[in-house]
Amino acid sequence: MTVTVHFYSYYKELTGCADTTATVSAPATLRELVRELQVRFPRLAALENTMLLAVGVEYQPRDYILREGDAVALFPPVQGG
Amino acid sequence: MTVTVHFYSYYKELTGCADTTATVSAPATLRELVRELQVRFPRLAALENTMLLAVGVEYQPRDYILREGDAVALFPPVQGG
Amino acid sequence: MRRELHLTTAPIDEAALVAARPRDPALGAVLHFTGVVRGTEGAHPIRALDYEAFEAMARHQFGVLFDEIARRWPIASVRLVHRLGPVAAGEPSLWVELTAPHRGEAFAAAQWLIDEMKRVVPIWKHPVA
Amino acid sequence: MRRELHLTTAPIDEAALVAARPRDPALGAVLHFTGVVRGTEGAHPIRALDYEAFEAMARHQFGVLFDEIARRWPIASVRLVHRLGPVAAGEPSLWVELTAPHRGEAFAAAQWLIDEMKRVVPIWKHPVA
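Residue numbers (the working numbering), protein chains in the order written: chain A, 29 to 109; chain B, 29 to 109; chain C, 91 to 219; chain D, 91 to 219.
No wet-lab data here; the hints were simulated from the structure. We put the beta carbon where it would ideally sit given N, CA and C, even for glycine. Hints may contain errors.
[What the hints assert, rightly or not] Simulated restraints on C-beta separations:
1) D:208 x B:93: 53 to 59 Å
2) B:73 x D:96: 55 to 61 Å
3) C:146 x B:71: 41 to 47 Å
4) C:115 x A:68: 39 to 45 Å
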């Protein structure tokens with residue numbers, strides 16, 4: 029199963045990448061996707077505790093079950109204002 | 029001893045008067061002045077609990093000791109804004 | 091703390107007040123509160139409120155409140171405009187601006203100032219039917 | 091509750107926003123908060139902050155916050171403008187207005203909205219030295 033992945037803020041610098049795709053074997057949760065991305069992008073590994081995860085435009089918990097074609101976003105704490 | 033007295037807001041309607049003078053025998057407190065004004069203006073008598081008192085531009089308590097020439101103001105609760 | 095107080099019978103020109111705001115590189119938060127005359131007083135429709143002040147005392151009491159703000163919060167400036175005389179329903183009667191490095195202190199000081207103003211500043215309003 | 095949201099790279103024209111405020115005879119309180127880019131970030135002087143957004147999600151999350159305000163307080167209208175891209179020190183990056191019958195609810199909802207925005211709306215700032 030393939031999902032698109034988007035990085036925001038300094039996650040783009042840490043990964044050297046704004047957008048990518050990832051393939052995970054279904055059924056897979058967001059937690060498993062993050063683990064797979066941390067293997068590809070080791071500098072994400074230290075940020076697990078503060079990492080925010082969204083699917084589409086909604087925040088989702090780590091146990092969200094991914095669906096084919098989901099657009100997943102990973103980003104650090106937000107700082108608007 | 030003579031002091032000037034100013035009424036504000038609906039106290040002017042209750043007394044029919046904006047400014048007057050009052051003579052009290054020294055030493056006298058604001059409490060005694062108010063009592064004397066309540067005799068002259070009986071409609072002030074019911075308002076004792078919420079009446080605010082100032083001398084010059086400062087609020088003063090009922091036991092403030094009056095001085096010759098003091099400008100005393102009596103008014104209901106304020107409502108700015 | 092910079093301070094400015096206007097008690098005025100002229101309409102409050104919010105755009106001009108905003109344009110005149112002093113710029114300060116340490117300033118991160120600007121809070122404006124505008125009090126507008128509502129078209130009802132209790133259940134009764136009103137055309138206006140007529141504001142009366144004991145003006146010398148009102149100025150003094152606003153000064154006392156501004157002093158206290160300067161003591162309690164790191165506020166950079168306060169500007170306050172209060173209308174006197176008749177103010178039509180729908181028009182602003184009060185405009186307050188506080189500027190500060192951060193928003194927490196601006197919100198805290200603004201709420202305190204308006205609460206205290208309504209307790210100690212000798213201004214009264216009379217409905218005009 | 092009327093609502094308006096602008097995410098924009100253009101400067102925030104506060105005077106124009108104030109002039110465009112809808113009039114409503116039930117409205118007694120107008121609260122504006124303006125967040126201004128400070129000239130320092132920590133101890134370091136900065137020229138600007140560069141604001142980045144995940145824009146579709148930011149719009150959605152602002153909508154969720156506005157829905158919650160409408161549920162929790164009798165707010166008549168909310169207008170919010172957030173700059174994106176570089177914003178020079180001294181310039182506003184955020185402008186929020188809430189209108190309500192009374193000031194208590196306007197202050198409460200404004201503070202809640204800004205706190206929640208900083209928790210959930212995907213916007214980030216990057217200092218420009």
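Quick rundown of the hints versus the structure:
Judged by the Cβ atoms, the range 53 to 59 Å given for residue 208 of chain D and residue 93 of chain B holds: they are separated by roughly 55 Å. For residue 73 of chain B and residue 96 of chain D, the Cβ-Cβ distance of about 59 Å falls inside the hinted range of 55 to 61 Å, so the restraint holds. Between residue 146 of chain C and residue 71 of chain B the C-beta distance comes to about 26 Å, which lies outside the given range of 41 to 47 Å. The beta-carbon spacing between residue 115 of chain C and residue 68 of chain A, approximately 43 Å, falls within the hinted interval of 39 to 45 Å.
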